[in-house]
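> Protein sequence lines, in the order shown, are assigned to chains A and B. Numbering (the numbering used here) for the first sequence: 1 to 270. Numbering (the numbering used here) for the second sequence: 1001 to 1263.
Hint data in this document are derived by calculation from the structure and do not stem from the laboratory. Any given hint might turn out to be false.
Restraint ranges, calculated between C-beta atoms of paired labels, are given here [as the list claims (entries may be wrong)]:
#1 B:1218 - A:48: 37 to 45 Å
#2 B:1056 - A:23: 56 to 64 Å
#3 B:1051 - A:39: 29 to 37 Å
Chain B stretches covered by chain A per the calculated footprint, using a threshold of three residues with CB under 8 Å from any CB of chain A [stated by the list, open to error]:
#4 1067 to 1080
#5 1150 to 1160
#6 1235 to 1244
Note that the Cβ used here is the ideal one computed from N, Cα and C, for glycine as well.
So the chains spell out like this:
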Amino acid sequence: MRRTRARPRGPGGRALDAAALALPLFYALPLSALLFASHPARWLPRLASPLALRALVLTVETTLVATVLSIALGLPLARLLARGSFRGRRALGLIVDLPIALPPVVAGVALLLAFGRQGWLGGALELAGAHIAFSRVAVVIAQVFIASPFFVRAARAGFAAADPALERAALTLGASPWRVFVTVSLPLARPALLAGAALTWARALSEFGATMMFAGNFPGRTQTLALAVMSAMESDLDTAVAVAALALALAVVALLAARALARRAGADDA
Amino acid sequence: MTPGLRTVARAALAAGAALSLVPGGAAASPSPPLRVFAAASLGDAFREIGAAFEATHPGIRVELECGGSAQLRVQIEQGAPADVFAAADLETVESLERAGRTDRARTFATNRLVVVTPARAAGVATLAGLGRRGVRLALAGPSVPAGRYAASAIAAMDRSRRYGPRFAARVRANIVSEETSVRAALTRVALGEADAAFVYATDAASAASRVRVIAIPDSLAPPVCYGIARVLGSSRHPAAPAFVAFVTGPAGGAILRRFGFGA
């Protein structure tokens, strides 16, 4: 029997399908231009340049730390938002969504005014010996600020979708809330958590404005792949394309990892 | 035509008609603006020059876009719609001239490179202090003219042997950020986040209340020459040569001098 996908047939079907192709073409065109407008033989050698390699290592290190922090801090918050019922829950949810709506460079200014040397907490931190602005710590802070809300939202949806009756059953059987969380809530929400983690990592990878403003731009210390593309663009387009290709490759890895992890989690439950 | 294709064709015609009504299309506006791409440090002066040019050339609107000279150069190279390009060094404009993108490049103003330090924080007291351990130095990146001038000044100070051993290496170890424009470096100091930055004297003057200036001796300061040229291309604004003439002429010179440039 012929394999057919359930899809409405009839007049207008083909037009809708044609319209559906507009966005994928819109995505594919600039991405192809990025890789092939300048002949690959010109930029492929630049993949090994110090600027590209340092930016790659720094980006992978900082984004992984930022993602782990986002998960660790985001899980309890998502659980509270999904299951808790308290006054101010909606306000809490709103605060969590704010960084997503804020232009990243504005977030960078805000971070500077809070944690910079002349900022609210900055003075005290400097006295304590913690120099935050212009450091790798600042890069991670900026990434967590911008990317963690994505994890919280995904995790919250994952917890909310699970049947609370199962958690209640575990509680009545004598498990502590912590045990319920670890042995019931987490496994039930696993696909959403994994997908959320991958999305968070992807968002941290693409972080630019807040990093530029708060952490500055210095090769090897705070120059992530995104900042490196900007700097390279001013002097050498081929190096810029090579660094951009690295960023693109990491994004693809993040997305493939998300799908593979989610699929494996789904298969375990089957 | 099949029913499906007819729907698509109608939709495309409607979209095209709607798009042509969007303001900004060449046919819609009365006369296109004269687009000037200028180095970040020229911002204030060129805003006034633009206003003066509009006053003496009624009907022409000047649109100013400022940024790091290197970034602007790349944008023009990639076809950005600029009619005039003014950069913080001659070489940046000449590189476009060599590529056939602009008309003859000319100098029209000079500036001085200085060091600034926060007015209300410890910062740096003398040029020698730039080499002190733990000092946070901000400057423009190496592909930006201000960054190249700064590197040249640091090298000259190192050669003079007046600021201690291995001065250049110690200063380079203090760099915390390579900005895309000299104004961004100034802002770091103005906000108190950096202890020092290499900027132009005109930039320091624009943030006078928030920064202190440390002058660089004439013998060690690099000559800062701004370059300007008309961008070539079929759809370039016809008043571009007049604008360049205005900037390099007495009217433009008077305005530039008022902002602290040499002209």
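> If any of the earlier hints don't hold here, list their numbers in rising order.
The structure conflicts with hints 2, 3, 5 and 6, although it agrees with all the remaining ones.
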